[in-house]
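In the order they appear, the protein sequences are chains E and L. If you're matching positions, the first sequence starts at 74 in the numbering used here and goes up one per residue. If you're matching positions, the second sequence starts at 74 in the numbering used here and goes up one per residue.
No incorrect hints appear here.
Quick list of the computed label-pair ranges, beta carbon to beta carbon:
1. L:Gly104 / E:Ala92: 23 to 33 Å
2. E:Pro538 / L:Arg163: 50 to 60 Å
3. E:Asp366 / L:Glu367: 48 to 58 Å
4. L:Gly79 / E:Gly189: 58 to 68 Å
5. E:Gly96 / L:His391: 47 to 57 Å
6. E:His102 / L:Arg89: 25 to 35 Å
7. E:Val304 / L:His391: 34 to 44 Å
The calculated EDC-like cross-link candidates involving lysine to aspartate or glutamate, where the alpha carbons are at most 16 Å apart (straight line), are:
8. L:Lys106 / E:Glu234
9. E:Lys338 / E:Glu367
10. L:Lys166 / L:Glu187
11. L:Lys257 / L:Asp282
12. L:Lys338 / L:Asp366
13. E:Lys106 / L:Glu234
For the record, the hints were derived by calculation from the structure and aren't laboratory data. Using N, Cα and C, we set each Cβ at its ideal position, and we do this for glycine too.
So you can see what is in the structure, the chains are spelled out below.
Number of protein chains: 2
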Amino acid sequence: MKNAIGREIPERIGDRALAPFAGAFATTHAGPKAARHQKTAPRVDDKLLPSIDAAIEACGLSDGMTISFHHSFRDGDRLINQVLDACASRGIKDLRLFPTALFPVHEPVIGHIENGTVSRIEGSMNGPVGAFVSQGGKLAEPAVLRSHGARWRAVEAGNVEIDVAFIAAPQADRYGNANGIRGKTPCGTISFCAVDAQYARKTVLVTNDLAPYPVHPMEIQQGWADVVVEVDEIGDPGSIVSGTLQLTKSPTRLRIARLTAEAVKASGCLVDGFSFQGGAGGISLAVTKFLGDEMERAGIVGSFGMGGGTKLLVDLLHRGLIRTILEGQAFDLDAIASLREDAGHVLIDPGFYANYDSRGCATYMLDAAFLGATEVDLDFNVNVNTHSDGLLLHGIGGHQDVAAGAAMTMITVPTLRGRIPVIVDQVTTVTTPGEVVDVIVTERGIAVNPRRDDLKERFAAAGLPVRPLEDLRHEAEKQVRPIARPVFGDEVVALIEWRDGTVIDAVRKVEGWT
Amino acid sequence: MKNAIGREIPERIGDRALAPFAGAFATTHAGPKAARHQKTAPRVDDKLLPSIDAAIEACGLSDGMTISFHHSFRDGDRLINQVLDACASRGIKDLRLFPTALFPVHEPVIGHIENGTVSRIEGSMNGPVGAFVSQGGKLAEPAVLRSHGARWRAVEAGNVEIDVAFIAAPQADRYGNANGIRGKTPCGTISFCAVDAQYARKTVLVTNDLAPYPVHPMEIQQGWADVVVEVDEIGDPGSIVSGTLQLTKSPTRLRIARLTAEAVKASGCLVDGFSFQGGAGGISLAVTKFLGDEMERAGIVGSFGMGGGTKLLVDLLHRGLIRTILEGQAFDLDAIASLREDAGHVLIDPGFYANYDSRGCATYMLDAAFLGATEVDLDFNVNVNTHSDGLLLHGIGGHQDVAAGAAMTMITVPTLRGRIPVIVDQVTTVTTPGEVVDVIVTERGIAVNPRRDDLKERFAAAGLPVRPLEDLRHEAEKQVRPIARPVFGDEVVALIEWRDGTVIDAVRKVEGWT
Numbered sequence: 074m075k076n077a078i079g080r081e082i083p084e085r086i087g088d089r090a091l092a093p094f095a096g097a098f099a100t101t102h103a104g105p106k107a108a109r110h111q112k113t114a115p116r117v118d119d120k121l122l123p124s125i126d127a128a129i130e131a132c133g134l135s136d137g138m139t140i141s142f143h144h145s146f147r148d149g150d151r152l153i154n155q156v157l158d159a160c161a162s163r164g165i166k167d168l169r170l171f172p173t174a175l176f177p178v179h180e181p182v183i184g185h186i187e188n189g190t191v192s193r194i195e196g197s198m199n200g201p202v203g204a205f206v207s208q209g210g211k212l213a214e215p216a217v218l219r220s221h222g223a224r225w226r227a228v229e230a231g232n233v234e235i236d237v238a239f240i241a242a243p244q245a246d247r248y249g250n251a252n253g254i255r256g257k258t259p260c261g262t263i264s265f266c267a268v269d270a271q272y273a274r275k276t277v278l279v280t281n282d283l284a285p286y287p288v289h290p291m292e293i294q295q296g297w298a299d300v301v302v303e304v305d306e307i308g309d310p311g312s313i314v315s316g317t318l319q320l321t322k323s324p325t326r327l328r329i330a331r332l333t334a335e336a337v338k339a340s341g342c343l344v345d346g347f348s349f350q351g352g353a354g355g356i357s358l359a360v361t362k363f364l365g366d367e368m369e370r371a372g373i374v375g376s377f378g379m380g381g382g383t384k385l386l387v388d389l390l391h392r393g394l395i396r397t398i399l400e401g402q403a404f405d406l407d408a409i410a411s412l413r414e415d416a417g418h419v420l421i422d423p424g425f426y427a428n429y430d431s432r433g434c435a436t437y438m439l440d441a442a443f444l445g446a447t448e449v450d451l452d453f454n455v456n457v458n459t460h461s462d463g464l465l466l467h468g469i470g471g472h473q474d475v476a477a478g479a480a481m482t483m484i485t486v487p488t489l490r491g492r493i494p495v496i497v498d499q500v501t502t503v504t505t506p507g508e509v510v511d512v513i514v515t516e517r518g519i520a521v522n523p524r525r526d527d528l529k530e531r532f533a534a535a536g537l538p539v540r541p542l543e544d545l546r547h548e549a550e551k552q553v554r555p556i557a558r559p560v561f562g563d564e565v566v567a568l569i570e571w572r573d574g575t576v577i578d579a580v581r582k583v584e585g586w587t
Numbered sequence: 074m075k076n077a078i079g080r081e082i083p084e085r086i087g088d089r090a091l092a093p094f095a096g097a098f099a100t101t102h103a104g105p106k107a108a109r110h111q112k113t114a115p116r117v118d119d120k121l122l123p124s125i126d127a128a129i130e131a132c133g134l135s136d137g138m139t140i141s142f143h144h145s146f147r148d149g150d151r152l153i154n155q156v157l158d159a160c161a162s163r164g165i166k167d168l169r170l171f172p173t174a175l176f177p178v179h180e181p182v183i184g185h186i187e188n189g190t191v192s193r194i195e196g197s198m199n200g201p202v203g204a205f206v207s208q209g210g211k212l213a214e215p216a217v218l219r220s221h222g223a224r225w226r227a228v229e230a231g232n233v234e235i236d237v238a239f240i241a242a243p244q245a246d247r248y249g250n251a252n253g254i255r256g257k258t259p260c261g262t263i264s265f266c267a268v269d270a271q272y273a274r275k276t277v278l279v280t281n282d283l284a285p286y287p288v289h290p291m292e293i294q295q296g297w298a299d300v301v302v303e304v305d306e307i308g309d310p311g312s313i314v315s316g317t318l319q320l321t322k323s324p325t326r327l328r329i330a331r332l333t334a335e336a337v338k339a340s341g342c343l344v345d346g347f348s349f350q351g352g353a354g355g356i357s358l359a360v361t362k363f364l365g366d367e368m369e370r371a372g373i374v375g376s377f378g379m380g381g382g383t384k385l386l387v388d389l390l391h392r393g394l395i396r397t398i399l400e401g402q403a404f405d406l407d408a409i410a411s412l413r414e415d416a417g418h419v420l421i422d423p424g425f426y427a428n429y430d431s432r433g434c435a436t437y438m439l440d441a442a443f444l445g446a447t448e449v450d451l452d453f454n455v456n457v458n459t460h461s462d463g464l465l466l467h468g469i470g471g472h473q474d475v476a477a478g479a480a481m482t483m484i485t486v487p488t489l490r491g492r493i494p495v496i497v498d499q500v501t502t503v504t505t506p507g508e509v510v511d512v513i514v515t516e517r518g519i520a521v522n523p524r525r526d527d528l529k530e531r532f533a534a535a536g537l538p539v540r541p542l543e544d545l546r547h548e549a550e551k552q553v554r555p556i557a558r559p560v561f562g563d564e565v566v567a568l569i570e571w572r573d574g575t576v577i578d579a580v581r582k583v584e585g586w587t
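The following block holds chain E by itself, in its conformation from the complex (with noise of 0.2 Å):
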């Protein structure tokens, strides 16, 4: 069947109807959500088990069951692979992942994928093992990706139920409480994994830091947990920041974000209050300090800026710029030092940052966001999962989030990459609809969506340069390089919900390329 914006996606998976994407907020729920587990605690003081082999046994670990983890050590995480070995060894089969995302040091999922253990995957995949799956590989069912605030919604809508939460705790004490911004090897937030730890049927902290009760801030409560393990190893906080957490040297991707803070400026909004969602990736750190110094100009104070936070974003904070930042996600160490340190630095969770069932969230009161993109089609439509060669690369990250919360959504790309162009006729994969999509930066000028003839007029008449997204292309065009193409099969490998659980788009086998 084709969805609201003609993206073809299957009828079913296995005993699951998909529901077709109809629009950005087009979706109500009503009726009550998914019932946690009623659980009496005994009277104990300590939920200690010596192994991960230990808790997997404890719990009742086994076939078919689903098992969660948290992402924030991103490639430096290490408990994935701990636990997936130890469900090996025990012979486990067909489990199914449900991690918030997988990075290139998960790559051993694929030999758990080949040996039977894991059978299905619902979590955003970057690298290897998207790749992997991408190319048909031997999933029972298609893998499906949300949304940070999407996999909340799912989890407390019971479209996913957990068996078992393994979350890795860089701060934990023996009753189960824990938090990510203290211990050893602190990772920033680990509160993605809040809504698993109440919704699972047993819940088990592994933490290398085991300290004396009461460990605090508990962004998971002793009431959720299970079991506490001790290893020596969950993850390597050096791991977290990736290259793309640096500001951006390159002349194009500068001249971007000088371009997109003007626009900010231009918009109107940049007053008293100012709110936006900054985030990772050079050109979005960019825009970060050039609004940052507009803003000390202009004596203007923000209201708060979210993340993922980094050093740019905790400077503004420091420099009385904004009040606050909400922080979902820290990316890197001056962002985790500054959540311990910092009262206006704020730790949510995915459901306050982006539920699209709750009764409001957090990306809602943006105003304005800066996010990048694989690819951008003439409908504005945006790809953040699959490259131009067909392979499922990426996760979604809170990109619809923030582009169906924000009041200016601005994605900032250039126009090519290596010579391959990222503006399309249409995008590989749509991961957040045009109507979402307000406008595109890109270092040939500013193309803005028909829908937003304010913005247009208000950027033309502080002299920005406004294009047709056509132009754009068409331009950048003739400097492309001819790429292979992919073909796709039949086969969908993974679907992509929208925030509200409907699917906006499925990802086909790639056979080959031309």
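With the hints as your guide, set chain L onto chain E.
Here is chain L on its own, set in the frame of chain E:
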């Protein structure tokens, strides 16, 4: 029917079959919790309505519904009366009032019972409303009293479904984030209502200090709130502090406090990592002070203290004698200021504090607790709800939760109050069963529950005056003045629930006195 401690309780109330108390930890619950309401938020950034009346209208509040409130302003609350007046003006009838607690300031509730606005109450009643109810005051069903933890549990279990939660919020933003520690009239934590906010069909924040987004800490979150209302007055923090928050000057009470502190020391638990619940009441405050001094002398650092928080508890934190205060309820302005300023002063909610059906609660981590009583009996049962005149004048608070949780539960009482005996054959009402009471400390000596011979030996070895409870009672009896005894009718006016939802006692109508 009779429950496990021989108290006669009704088999049912209306449609509801009552479960008899079976033992402090005899009941185990499994299966699903109640489901929360799913709701898709529209993308708005402002939930402000102009008045409480407008909120009542918007929430569709009508006859027979359940409305809830917190009691953090205690006798200074200004919200409950305002809301009930507004409901009465609209002609709404038969409301079930579900406050965490009522105080003397809520005497107008009596009028609203008489005029039919309120027909049921589930919640603690301190003072006139309780006296009215226990003299047969016209409720359609017996009132239900629960401990802090039991109320939270009851909501999560679906025992009480809330239609509209009205939450007095000392500081709130227009989007529904709120806390009790900031604003013009801070009252301490408002997390008593966090479970209400999450489960209610509609949640209304009523604030007298509308602050810019994002208000934090978010004790109440935007994702839970439907409506925000700004009013002139929600409560008077000056009335949070009651007479029971003064350090006692009575030689009798000072002796009890001194004996209690000595008994703690003799018990062997006063070592590094020591944890205790102090709370209000002149004796508890004095014990807190004496223990702090002893810890300082001995170079001991405790892990945590629980309150309600007071100046004396904060003082221990500031002196480095305890690492943490876990704060469910602030009892004075120093505690509120400390919540804003001290990183080691941690806001918790009643679920974290005391939920029987969580996977572990904070009271289970207590080494020692010093609690009050109106009466104790020879089975070590404790009454905190009724007086010897039979009138229901007090709530349960955290009494049951702490007594059941602490490794050593000490009841600190004088043997006489105004020549009325405190140690009796059988308490008028059982709030907390002798099963979870270890020690009764009086000015005449220390009685130890026969279950705890280990403590008895340690106390005796330390030269403390350990005496049979009967002897203490007998000795005090000589000074008792003759008092009028209540004549109880058959009508049950209130049920005392145990923290697991079973009924531990029934309070019967006082027909008169002889």
